[in-house]
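**Q** From first to last, the protein sequence lines stand for chains V and X. Using the numbering used here, the first residue of the first sequence is number 422, and each one after it goes up by one. Using the numbering used here, the first residue of the second sequence is number 3, and each one after it goes up by one.
What the hints contain is simulated information worked out from the structure, not anything from laboratory work. None of the values given here were measured: they were computed from a predicted structure. There may be inaccurate statements among the hints.
As the list claims (entries may be wrong) - Chain V regions said to be covered by chain X (calculated; three or more residues, Cβ under 8 angstroms):
1. 468-482
2. 509-522
As the list claims (entries may be wrong) - Far from chain V, by Cβ distances over 12 angstroms, these chain X residues were calculated:
3. 8
4. 19
5. 25
6. 28
7. 34
8. 36
9. 40
10. 50
11. 59
12. 64
13. 79
14. 81
15. 83
As the list claims (entries may be wrong) - Using C-beta positions, here's what the derived DEER-type ranges look like:
16. 484/V / 87/X: 52 to 62 angstroms
17. 691/V / 41/X: 30 to 40 angstroms
18. 423/V / 36/X: 51 to 61 angstroms
19. 34/X / 423/V: 40 to 50 angstroms
20. 888/V / 28/X: 51 to 61 angstroms
21. 486/V / 39/X: 17 to 27 angstroms
22. 53/X / 796/V: 21 to 31 angstroms
23. 575/V / 24/X: 51 to 61 angstroms
24. 826/V / 76/X: 50 to 60 angstroms
25. 829/V / 79/X: 51 to 61 angstroms
26. 878/V / 45/X: 50 to 60 angstroms
No residue lacks a Cβ here, since even glycine has one placed at the ideal position from N, Cα and C.
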Amino acid sequence: MLMTGEQYIESLRKMNTRVYMFGEKIDNWVDHPIIRPSINCVAITYDLAQDPEYADLMTVKSNLTGETINRFGHLHQSTDDLKNKVKMQRLCGQKTAGCFQRCVGMDAFNAMFSTTYEIDQKYGTKYHDNFVNFLKMVQEKDLVVDGAMTDPKGDRGLAPSAQKDPDVFVHIKEYREDGIVVSGAKTHQTGSINSHWHIVMPTQAMREEDKDFAVAFALPTDAEGLYMVYGRQSCDTRKMEEGADIDLGNAKFGGQEALVVFDDVFIPNEYIFLKGEYDFAGMLVERFAGYHRQSYGGCKVGVGDVLIGAAALAAEYNGAQKASHIKDKLIEMTHLNETLYCCGIACSAEGQATAAGNYQIDLLLANVCKQNITRFPYEIVRLAEDIAGGLMVTMPSETDFKSDMKVGKNGETIGEICNKFFAGSPACTTEERQRIMRLIENMCLGASAVGYRTESMHGAGSPQAQRIMIQRQGNIEGKKALAKAIAGIK
Amino acid sequence: MKCGVKFCGGCNPRYQRGDAYRQIKDELDDIDFDYAQEDVPYDQLLVIGGCPACCASHEQYTAENEVIKMWDESHIESVKDELLKRNSNKGE
Ligand SMILES: Cc1cc2nc3c(=O)[nH]c(=O)nc-3n(C[C@H](O)[C@H](O)[C@H](O)COP(=O)(O)OP(=O)(O)OC[C@H]3O[C@@H](n4cnc5c(N)ncnc54)[C@H](O)[C@@H]3O)c2cc1C
Numbered sequence: 422m423l424m425t426g427e428q429y430i431e432s433l434r435k436m437n438t439r440v441y442m443f444g445e446k447i448d449n450w451v452d453h454p455i456i457r458p459s460i461n462c463v464a465i466t467y468d469l470a471q472d473p474e475y476a477d478l479m480t481v482k483s484n485l486t487g488e489t490i491n492r493f494g495h496l497h498q499s500t501d502d503l504k505n506k507v508k509m510q511r512l513c514g515q516k517t518a519g520c521f522q523r524c525v526g527m528d529a530f531n532a533m534f535s536t537t538y539e540i541d542q543k544y545g546t547k548y549h550d551n552f553v554n555f556l557k558m559v560q561e562k563d564l565v566v567d568g569a570m571t572d573p574k575g576d577r578g579l580a581p582s583a584q585k586d587p588d589v590f591v592h593i594k595e596y597r598e599d600g601i602v603v604s605g606a607k608t609h610q611t612g613s614i615n616s617h618w619h620i621v622m623p624t625q626a627m628r629e630e631d632k633d634f635a636v637a638f639a640l641p642t643d644a645e646g647l648y649m650v651y652g653r654q655s656c657d658t659r660k661m662e663e664g665a666d667i668d669l670g671n672a673k674f675g676g677q678e679a680l681v682v683f684d685d686v687f688i689p690n691e692y693i694f695l696k697g698e699y700d701f702a703g704m705l706v707e708r709f710a711g712y713h714r715q716s717y718g719g720c721k722v723g724v725g726d727v728l729i730g731a732a733a734l735a736a737e738y739n740g741a742q743k744a745s746h747i748k749d750k751l752i753e754m755t756h757l758n759e760t761l762y763c764c765g766i767a768c769s770a771e772g773q774a775t776a777a778g779n780y781q782i783d784l785l786l787a788n789v790c791k792q793n794i795t796r797f798p799y800e801i802v803r804l805a806e807d808i809a810g811g812l813m814v815t816m817p818s819e820t821d822f823k824s825d826m827k828v829g830k831n832g833e834t835i836g837e838i839c840n841k842f843f844a845g846s847p848a849c850t851t852e853e854r855q856r857i858m859r860l861i862e863n864m865c866l867g868a869s870a871v872g873y874r875t876e877s878m879h880g881a882g883s884p885q886a887q888r889i890m891i892q893r894q895g896n897i898e899g900k901k902a903l904a905k906a907i908a909g910i911k
Numbered sequence: 003m004k005c006g007v008k009f010c011g012g013c014n015p016r017y018q019r020g021d022a023y024r025q026i027k028d029e030l031d032d033i034d035f036d037y038a039q040e041d042v043p044y045d046q047l048l049v050i051g052g053c054p055a056c057c058a059s060h061e062q063y064t065a066e067n068e069v070i071k072m073w074d075e076s077h078i079e080s081v082k083d084e085l086l087k088r089n090s091n092k093g094e
């Protein structure tokens with residue numbers, strides 16, 4: 422059953438999710454002005470699936486049930502599916518100019534499906550069945566699932582088992598006949614609060630001494646003992662200002678990250694997907710990261726599309742659109758953005774079937790994709806800021822633009838003064854210019870910059886993590902052989 | 003004539019596909035347009051793509067005539083003409 426955006430929002434109200442922000446428990450987090458934009462962002466993944474103009478990307482037939490499901494719950498069955506995933510993410514980025522949060526779950530599903538299959542093959546465990554049953558439920562109910570990988574990690578120089586406080590990595594605290602009790606936390610969790618369930622995975626490859634930390638499982642977001650502390654974003658309290666609209670830049674949509682705490686949470690056996698088979702932790706991480714590095718070749722491109730459009734409008738509103746360097750900068754932004762898309766499509770087109778049957782991306786190309794993502798959005802932002810001019814960060818508030826307070830010698834109000842001095846080209850009203858400047862601010866250094874900039878840097882792994890993979894997959898020996906053959910070296 | 007309509011997913015359309023469809027539909031009121039469904043047989047299938055890849059899936063639908071595809075605003079007129087022609091052929 423496909424839910425509508427409204428039904429999704431209503432489904433969240435039925436949950437007893439524990440959320441804390443600014444030192445307080447937030448009971449009605451669904452309608453909280455700081456949180457709601459991120460919920461709207463997920464809701465649009467439901468609404469687009471209902472729209473015939475987008476359904477071809479947003480929905481797909483499940484290989485598990487034969488039913489039409491939201492693509493965010495799908496196991497990729499072909500390279501076309503992998504490409505369609507990237508296209509869907511671009512679309513969602515275009516419609517929200519923010520992080521729509523649902524891809525971490527999708528990437529976890531695909532990594533978990535193939536890894537549990539291989540664990541079972543080696544150890545005779547039943548994790549794959551557990552996972553497939555779980556995913557069928559997710560698909561049938563059209564749920565949002567957070568993919569929770571990153572642990573707080575404490576001292577980065579120490580292994581999980583060597584940490585002073587074991588809670589800095591999620592671990593099994595107690596083994597029971599009917600399940601396990603887990604303790605610890607996951608940081609930076611995208612969309613955690615407005616997910617129905619979480620899939621928890623280890624954050625890195627593990628050794629034998631880290632056995633208790635090699636654990637993967639699913640649990641409902643309102644499970645007993647689970648709670649979240651909401652992550653601050655740049656300019657977040659602007660959303661609390663009365664009547665805030667223009668100053669938000671993007672009033673409707675936004676992203677969300679949280680600290681997720683596991684305060685001795687019981688996980689029944691049927692939701693466990695890895696329990697001590699430490700030699701598979703690395704495989705799971707590598708696969709999840711691979712899919713997620715592909716994801717950014719879609720979502721960040723869609724957001725980039727909006728930023729390029731905003732920069733082009735800013736140029737028009739400033740009256741500078743005919744300048745050749747402005748045109749060239751827009752070309753450069755487009756070139757960078759489409760290069761990212763090329764990477765997303767390329768690693769999908771070169772994908773291959775796993776032993777379990779679902780498709781995975783080409784890992785080398787997915788890592789190249791993400792490495793470029795750690796750079797190009799920053800350059801796109803730099804060019805957008807160049808084109809926009811300083812007004813995007815120095816403009817008075819929307820309250821000033823609307824103020825009736827008389828301040829001028831001839832009785833001019835603050836609003837009149839702002840409208841006089843911030844008028845640009847006759848092609849736009851001052852308010853339109855204000856709006857586009859605030860949108861650029863929002864994406865370049867406001868709330869959406871969390872997703873467009875810093876998430877581009879660290880999300881799915883910091884740049885060095887990709888370089889290690891590129892080194893591993895890059896086939897330097899093969900390249901040396903090519904050079905030797907041409908140079909006549911035996 | 004019963005015409006099933008299928009849009010591509012719209013990841014980066016180069017024109018307003020919905021507007022193009024409305025323009026075609028509004029001018030051809032003899033034709034019974036509907037969003038394509040799998041278990042419904044159509045006389046005609048119209049696939050509206052947003053770019054030359056025109057990647058919308060349509061093999062799952064059944065239609066008597068060969069599928070008509072468009073992926074550019076400039077196709078609107080020729081699509082209208084072709085649909086009109088096929089509609090009048092059906093009437094004969
Ligand atoms: C906006 C945002 C959203 C995110 N969403 C999710 C999510 O939904 N799910 C999820 O699981 N994760 C998520 N992440 C987490 C992301 O995967 C991590 O940020 C990333 O793996 C880096 O970890 P870290 O932030 O702890 O940085 P650190 O690990 O502290 O890295 C900081 C720097 O130190 C270097 N470094 C760290 N350890 C070592 C070492 N041992 N040796 C050498 N150098 C080292 C790194 O290369 C990097 O340069 C998100 C992150 C962001 C910013």
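**Q** Confirm or reject each hint.
**A** Going through the hints against the structure:
1. Here the stretch 468-482 of chain V counts 7 residues with a CB under 8 angstroms from a CB of chain X, which clears the bar of 3, and the coverage holds.
2. Check result for the stretch 509-522 of chain V against chain X: holds, 4 residues qualifying (beta carbon to beta carbon below 8 angstroms, three or more required).
3. Distance check on residue 8/X: its Cβ comes as close as 7 angstroms (rounded) to a Cβ of chain V, failing to clear the 12 angstroms threshold; non-interface status is violated.
4. Residue placement check: residue 19/X does not keep its beta carbon more than 12 angstroms from all beta carbons of chain V (closest about 6 angstroms).
5. Non-interface call for residue 25/X relative to chain V: holds, since the shortest CB-CB distance, roughly 14 angstroms, exceeds 12 angstroms.
6. A cut-off of 12 angstroms between C-beta atoms confirms that residue 28/X is not in contact with chain V; the least separation is 17 angstroms.
7. No Cβ of chain V approaches the Cβ of residue 34/X within 12 angstroms, the least distance being about 16 angstroms, so the stated non-interface status holds.
8. Distance check on residue 36/X: its Cβ comes as close as 10 angstroms (rounded) to a Cβ of chain V, failing to clear the 12 angstroms threshold; non-interface status is violated.
9. Separation of residue 40/X from chain V is inadequate, the least Cβ-Cβ distance of about 9 angstroms not exceeding the 12 angstroms criterion.
10. Remark: the non-interface label on residue 50/X conflicts with the geometry, its nearest Cβ contact in chain V lying 9 angstroms away (cut-off 12 angstroms).
11. With a minimum CB-CB distance of about 6 angstroms to chain V, residue 59/X fails to clear the 12 angstroms threshold, and the non-interface call is violated.
12. Its beta-carbon lying about 17 angstroms from the closest one in chain V, residue 64/X satisfies the requirement of being farther than 12 angstroms from that chain.
13. A cut-off of 12 angstroms between C-beta atoms confirms that residue 79/X is not in contact with chain V; the least separation is 21 angstroms.
14. Even its closest Cβ contact with chain V, about 17 angstroms, leaves residue 81/X beyond 12 angstroms, as expected for a residue assigned away from the interface.
15. For residue 83/X, the non-interface assignment is confirmed: its Cβ lies about 24 angstroms from the closest Cβ of chain V, beyond the 12 angstroms cut-off.
16. Range check, residue 484/V to residue 87/X: about 40 angstroms between beta-carbon atoms, so the 52 to 62 angstroms window is missed.
17. About 36 angstroms separates the C-beta atoms of residue 691/V and residue 41/X, a value consistent with the hinted range of 30 to 40 angstroms.
18. As the Cβ distance of residue 423/V to residue 36/X is approximately 19 angstroms, the hint placing it in 51 to 61 angstroms is violated.
19. Range check, residue 34/X to residue 423/V: Cβ separation about 26 angstroms, and the 40 to 50 angstroms hint is violated.
20. Taking 51 to 61 angstroms as the suggested C-beta distance range, the pair residue 888/V and residue 28/X conforms, at roughly 55 angstroms.
21. A beta carbon spacing of about 19 angstroms between residue 486/V and residue 39/X agrees with the range 17 to 27 angstroms that was offered as a hint.
22. Between residue 53/X and residue 796/V the beta carbons are some 27 angstroms apart, a value that agrees with the proposed interval 21 to 31 angstroms.
23. Roughly 58 angstroms separates the CB atoms of residue 575/V and residue 24/X, a value that falls within the hinted 51 to 61 angstroms.
24. Here the CB-CB span from residue 826/V to residue 76/X is close to 54 angstroms, well matched to the stated 50 to 60 angstroms.
25. With their beta carbons about 57 angstroms apart, residue 829/V and residue 79/X fall inside the hinted range of 51 to 61 angstroms.
26. The beta-carbon spacing between residue 878/V and residue 45/X, approximately 54 angstroms, falls within the hinted interval of 50 to 60 angstroms.
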